[in-house]
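Q: This is what each chain is made of:
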Amino acid sequence: MLSICQWIHQTPLSIYIRESIWFYPILNAFHCAGVLSVAGTIVVVDLRLLGFGMRRWPVSSVVRQVLPWTLGGFGFMAITGSLLAWSEPLRLYRSLFFPWKLVFLAVAGLNALIFHLGVYRGVDAWDSAQLTPPRARIAGAVSILCWICVIAAGRAVGYEPL
Amino acid sequence: MGAFMRSSKVIFPIFEIVHLIGMALFVGTLLLINLGLLGVAMRRQPIQEVAAAMAPWTWSGFALLMLTGPFMLSAQAAKWHDSLLFWVKMVLLILATVFQLSVHPRLVSSPLEASEAKRIGAVSLLLWISIAFSAKLMELV
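These protein sequence lines are chains A and B, in that order. Using our numbering, the letters of the first sequence map in sequence onto residues 8 to 169. Using our numbering, the letters of the second sequence map in sequence onto residues 7 to 147.
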């Protein structure tokens, strides 16, 4: 792993981003905007699943209208995030919080996958229910917790020494 | 307050993380309202319903931002006092807040003309994007 990080570190793209005056901060700003849009829109779906608001709207209607924006933000976040990671692989290799950020991101993704392949397949039965099934509520709560942790760990990475 | 914020290495990041969580809530819900006003999102229900459903969460996020912001400011008050970008951000913030408060009653009550809805959504997006831009830039300069 260390040798892969060392190899990435000396690629021209990595050096270019690392040493640029404006490219790195712009990527950083867009990455922040991406993360906030992803977390801020997915939380709307989570709040509906938990029954905190939008109770009159069918669950599938909320999911179908909000999710495209979340996924768009996710693509944006992933591209800018990969470029940022590519520019400082050695720092992230030593980082205490970066692995946790990836773990929480993976749990958030897995949670969404389990929700969509599981209880959401039978959404027709509870689409208009004010109180969603326990598995849907658990998915909503796990999602909110994961994104809070992703944001906290992500911010913590920025405070780690070079 | 400033001394308290600097008294430990972890206090500032904790306030900052709460600030960011409030920001996510605020950005996400306001984005859906504004994209709805522009007619590109949340089209299955009237925009008043979207605005009314999102508003409690938008304002909760706003409250978190307003509660933590002054603490973060106090940690480096002298630095921000001399920063032009900080004052730009504050003026834009007041403008955007006044704008948002003044259009809110109209958003949640009577139906809007499509052109007026578009205008409100565009102005709001523009104001908040410029706040985000000045905030990020102020952090970097």
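In case anyone wonders, no lab produced these hints; they're calculated from the structure. All values reported here derive from a predicted model rather than from experimental measurement. The reader is advised that the hints may include incorrect statements.
[Unchecked claim] Heads up, simulated EDC-like pairs for lysine to aspartate or glutamate below, C-alpha to C-alpha not over 20 angstroms straight-line: (1) B:K142 x A:D131; (2) B:K142 x B:D88; (3) B:K142 x B:E55; (4) B:K85 x B:E145; (5) B:K85 x B:E22; (6) B:K15 x A:E167.
Q: If any of the earlier hints don't hold here, list their numbers in rising order.
A: 1 and 3
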